[in-house]
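Q: Work out the full structure: start from the sequences and follow the hints.
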Amino acid sequence: MKKSVFLGALTVAGVTAGVAAAGTLDDVKARGTLNCGVTTGLIGFAAPDANGVWDGFDVGVCRAVAAAVLGDATAVEFVPTTGKTRFTALASGEIDMLARNTTWTFSRDVDLKFEFVGINYYDGQGFMVPKALGVSSAKELDGATVCIQTGTTTELNLADFFRKNNISYEPVPIETNAEGQQLYLAGACDTYTTDASGLAATRAAFENPADHVVLPEIISKEPLGPLVRHGDNEWADVVRWTLNALIAAEELGVTSANVADMAAAAGDNPEINRLVGTEGNLGEQLGLDADWAAKAIMVGGNYGELFEKNIGENTPIGLARGLNAQWTDGGLLYTPPFR
Amino acid sequence: MSDTHAHSVAFVRETTIEQQAPPSSAAGPVAWMRENLFATLPNALLTIASAYVIFLLLSSTLPWILNGIWNTDSLAECREALQGQAAACFSVLTERWNQLLFGFQYPSDQYWRPGLAFVLLFFAAAPVLFFDLPRKLLLFTAVYPFIAYWLIWGGSIFIPIFAALGFVAGYVVFDRFGKQNFALGFFGGVATALVVWYASGFITPALTPEETFLEAVQSRDMGGFMLNMMLGVVCVSLSIPLGIALALGRQSSMPLIKGICVVFIEFVRGVPLITLLFVANVVLAYFLPPGTTFDLILRVIIMITMFASAYIAEVIRGGLAALPKGQYEAADSLGLDYPQAMRLIILPQALKISIPGIVNVAVGLFKDTTLVSVISMFDLVGMIRGPILASTDWNGVYWELFSFAAILFFVVCYGISQYSQWLERRLATDHR
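Here the protein sequences line up with chains S and W, keeping their order. Each step along the first sequence adds one to the number in the working numbering, with nothing skipped, and position 185 is 217. Each step along the second sequence adds one to the number in the working numbering, with nothing skipped, and position 104 is 267.
By construction, these hints were calculated from the structure, which means they are not laboratory data. The structure displayed is predicted, hence computed values, not measured ones. Each residue gets a CB set at the ideal place from its N, CA and C atoms; glycine is no exception. There's no promise every hint is true.
Claimed, not checked - Label-pair ranges, simulated between beta-carbon atoms:
| hint | chain 1 | residue 1 | chain 2 | residue 2 | range |
| --- | --- | --- | --- | --- | --- |
| 1 | W | 285 | S | 83 | 29 to 35 Å |
| 2 | W | 208 | S | 217 | 34 to 40 Å |
| 3 | S | 248 | W | 243 | 26 to 32 Å |
| 4 | W | 293 | S | 135 | 52 to 58 Å |
| 5 | S | 363 | W | 236 | 33 to 39 Å |
| 6 | W | 227 | S | 83 | 25 to 31 Å |
| 7 | S | 248 | W | 227 | 36 to 42 Å |
| 8 | S | 313 | W | 233 | 54 to 60 Å |
| 9 | W | 285 | S | 287 | 54 to 60 Å |
Unchecked claim - Here are some of the chain S residues that sit facing chain W, going by a computed Cβ distance under 8 Å:
| hint | residue |
| --- | --- |
| 10 | 73 |
| 11 | 80 |
| 12 | 120 |
| 13 | 214 |
| 14 | 233 |
| 15 | 347 |
As the list claims (entries may be wrong) - Selected chain S positions facing chain W (in silico; Cβ < 8 Å):
| hint | residue |
| --- | --- |
| 16 | 74 |
| 17 | 75 |
| 18 | 76 |
| 19 | 79 |
| 20 | 81 |
| 21 | 82 |
| 22 | 84 |
| 23 | 113 |
| 24 | 114 |
| 25 | 117 |
| 26 | 124 |
| 27 | 210 |
| 28 | 237 |
| 29 | 238 |
| 30 | 239 |
| 31 | 348 |
A: Below you can see the structure in the form of structure tokens.
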């Protein structure tokens, strides 16, 4: 609590210092590169490969914004941040946007003075157990030892869940995911709990992933999304609508394969035409080129393509779309209309 | 004579027997083992128990190491190749070798530059560490920091040249005036150096061509073990002189200097290093005017140096306190002034006493450089924890990577420790 107050105070100082500066959009255009905050490495979401090129689901958002604003998906300076440095990096202006699987919460939005521009991944806390344990629901975990990362919201969610269901558990405190993975495999705890995407990634790294199951219960809401500083609405709009464009593109069937054709000439679907810039002046309203969204989609494809390539079922992480499916498919992805 | 007993004894040896080796119960491996390993029954039991433990350890680790796989492209392939056998997957080291050493952002065609700087480091450090070498070699040591800076960061060669010129100008002024008045010389020297550096800020851009000979590399692109070495070497070599100055300052009779030194030492020593690093990384950004970029590595170097020098100052103060009062009085009675007394009589003895303590701080400091991974700098540990473990290919490889990091650090720290023991033996003048 003290820490968040401290960070909050720093943030306020940073925002008042940042207000005097020009608009972020102009800054980015003048600089020619986008400074995008990412994690120091989270499997599937952001990690540099053997050649040092960043790749991942969050990285895809950064690249899409860079393509929309600057027309060049490689004009991104990736600034790796830890859980402790991410908010100060954004508040102090070191980065223009943060795409670092950050949960959208009330206090981060209001108290820390950030602007979450949308949700690119609906996550939630889950449980993983060895198949040999014969457990099929988290409610059967009475008396279990649970590996849990200390000082995180997952710890509080866990306590709430067990109290609500009136069952007992014994926490095994751990510091990092790597530690949890080792302790869990060594049998120091019956179950390991963290965000479901993290569980899937951890399980994928096991020697015998099939021996472990992720239980169906999701006990918390962790909407992850990119965020920008308060007070620069033009820039927030650019990032928000770039993310929306990726989501809308999937809904409308615009993919990296066909976006070039669609952007070349107006088709018969007016919404697609407005999205790719062959009709209307949406780009101009944002202060960008008419084909800004087309450029963003061209980089890594639409939301669905990004998902499949980085964390989808054909990757080692193997996440199902679940809540992250389009609203038309029973998911929560629902972008406001482009008009 | 020799015939006297010729018939009264059965046999007389006429030649000397060849000298024989002592019996195996008195010398050789058997005797050594009996003496050291099986001297008494409890000793024998302990020996057998220890041998069993060592056997257990080796029998589980050796196959793991020896059967290790070195040439696959991902953990999954590694496991496929091992077919369920428990063995190491060292492929991660070979595939990410350059990233472990240089970080993932340093341009890969420029790796020779930090490599060369590393090799030159030995030549630069040798005359400082081994004082039997010719003193003229110190000239290279003096030039080395500027060469190393230029090699690692690249860019305009005029930056290190003007930096060096600033030092030279400052030294000339100090040399000219310092003899009459130390304070005048000191502050005059500092002011001159600052003026030179300030002026060079205007000249350098004009002199720098568009295409520099060595491509410029940003500080945030540094990483891997190179970053640990850079921070360790720079901070240790800066913090020793600073620590000496602080220790002497704390003993000073001038209240202002003493006060400043005491406050500095006590404050810095009372704060964890990690908070100083956070200050360097995040808090300073709020104090600096928006838009200024103050090199992150420089900030971190300043913080670690401050931290280490406070500790070294206290170690040296211990050495100073251990000297008998007579040594100070002897220096005074010889008519030496303060700098002479310190340089010729007090410090050589005090520093010799402080060697183990200083080495202790140096080794600790070198290992503490891994803390920068917390402020999202990709040193060796940061590389492992961040990019490498987060890649889809290598998520789940822990033992191999962290053992590798441990070995690298062990080699360096053990080297420092061995050097300090050599130094103590070399400097031993007392007859204990």
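Q: Against each hint, give a clear statement of whether it holds in the structure.
A: Evaluation of the provided hints:
1. Against the hinted window of 29 to 35 Å, the Cβ-Cβ separation of residue 285(W) and residue 83(S) comes to about 31 Å, which satisfies the hint.
2. At roughly 36 Å, the beta carbons of residue 208(W) and residue 217(S) sit within the given window of 34 to 40 Å.
3. In this structure, residue 248(S) and residue 243(W) meet the distance hint of 26 to 32 Å, their C-beta atoms being roughly 31 Å apart.
4. Distance hint check for residue 293(W) and residue 135(S): the Cβ-Cβ separation is about 57 Å, which falls inside the suggested range of 52 to 58 Å.
5. Taking the beta carbon of each, residue 363(S) and residue 236(W) are about 34 Å apart, inside 33 to 39 Å as hinted.
6. Residue 227(W) and residue 83(S) have their C-beta atoms about 30 Å apart, which keeps the hinted 25 to 31 Å range intact.
7. Between residue 248(S) and residue 227(W), the C-beta spacing of about 37 Å keeps the proposed range 36 to 42 Å intact.
8. Separation of residue 313(S) from residue 233(W) is about 59 Å and conforms to the stated range, judged on CB atoms against 54 to 60 Å.
9. At roughly 57 Å, the beta-carbon separation of residue 285(W) and residue 287(S) lies within the given 54 to 60 Å, and the hint holds.
10. For residue 73(S), the shortest C-beta to C-beta distance to chain W is roughly 3 Å, which falls under 8 Å, so the interface hint holds.
11. Of the supplied interface hints, the one on residue 80(S) holds, with its beta-carbon coming within about 5 Å of a beta-carbon of chain W, less than 8 Å.
12. Proximity of residue 120(S) to chain W holds as hinted, the smallest CB-CB distance being about 4 Å (cut-off 8 Å).
13. Residue-level restraint check for residue 214(S) holds (minimum Cβ-Cβ distance to chain W is 7 Å; threshold 8 Å).
14. The beta carbon of residue 233(S) comes within 7 Å of a beta carbon in chain W, closer than 8 Å, and the hint placing it at the interface holds.
15. Nearest Cβ of chain W to the Cβ of residue 347(S): about 7 Å, under the 8 Å cut. The hint holds.
16. A cut of 8 Å between beta carbons decides the hint on residue 74(S): the least distance to chain W is about 5 Å, and the hint holds.
17. For residue 75(S), the suggested interface contact is upheld, since its CB lies about 5 Å from the closest CB of chain W, less than 8 Å.
18. Because the beta carbon of residue 76(S) sits about 7 Å from the nearest beta carbon in chain W, less than 8 Å, this interface hint is met.
19. At its closest, the beta carbon of residue 79(S) sits 4 Å from a beta carbon of chain W; the interface hint therefore holds under the 8 Å criterion.
20. The beta carbon of residue 81(S) is positioned within 8 Å of a beta carbon in chain W (closest approach about 6 Å), and the interface hint is therefore held.
21. With a least beta-carbon distance of about 6 Å to chain W, the hint placing residue 82(S) at the interface is held under the 8 Å criterion.
22. Checking residue 84(S) against chain W: minimum C-beta separation of about 4 Å stays under 8 Å; hint holds.
23. Nearest Cβ of chain W to the Cβ of residue 113(S): about 5 Å, under the 8 Å cut. The hint holds.
24. With its C-beta approaching chain W no nearer than about 5 Å, residue 114(S) sits inside the 8 Å limit, and its interface hint holds.
25. The interface hint given for residue 117(S) holds, since its Cβ lies 6 Å from the closest Cβ of chain W, which is under the 8 Å cut-off.
26. At its closest, the beta carbon of residue 124(S) sits 4 Å from a beta carbon of chain W; the interface hint therefore holds under the 8 Å criterion.
27. Proximity of residue 210(S) to chain W holds as hinted, the smallest CB-CB distance being about 6 Å (cut-off 8 Å).
28. The closest approach between the C-beta of residue 237(S) and any C-beta of chain W is roughly 3 Å, which is under the 8 Å cut-off, so the hint is satisfied.
29. Because the beta carbon of residue 238(S) sits about 7 Å from the nearest beta carbon in chain W, less than 8 Å, this interface hint is met.
30. The closest approach between the C-beta of residue 239(S) and any C-beta of chain W is roughly 6 Å, which is under the 8 Å cut-off, so the hint is satisfied.
31. Annotation: interface hint on residue 348(S) holds; nearest CB of chain W at approximately 5 Å, less than 8 Å.
Consistency note: the structure conflicts with none of the earlier hints.
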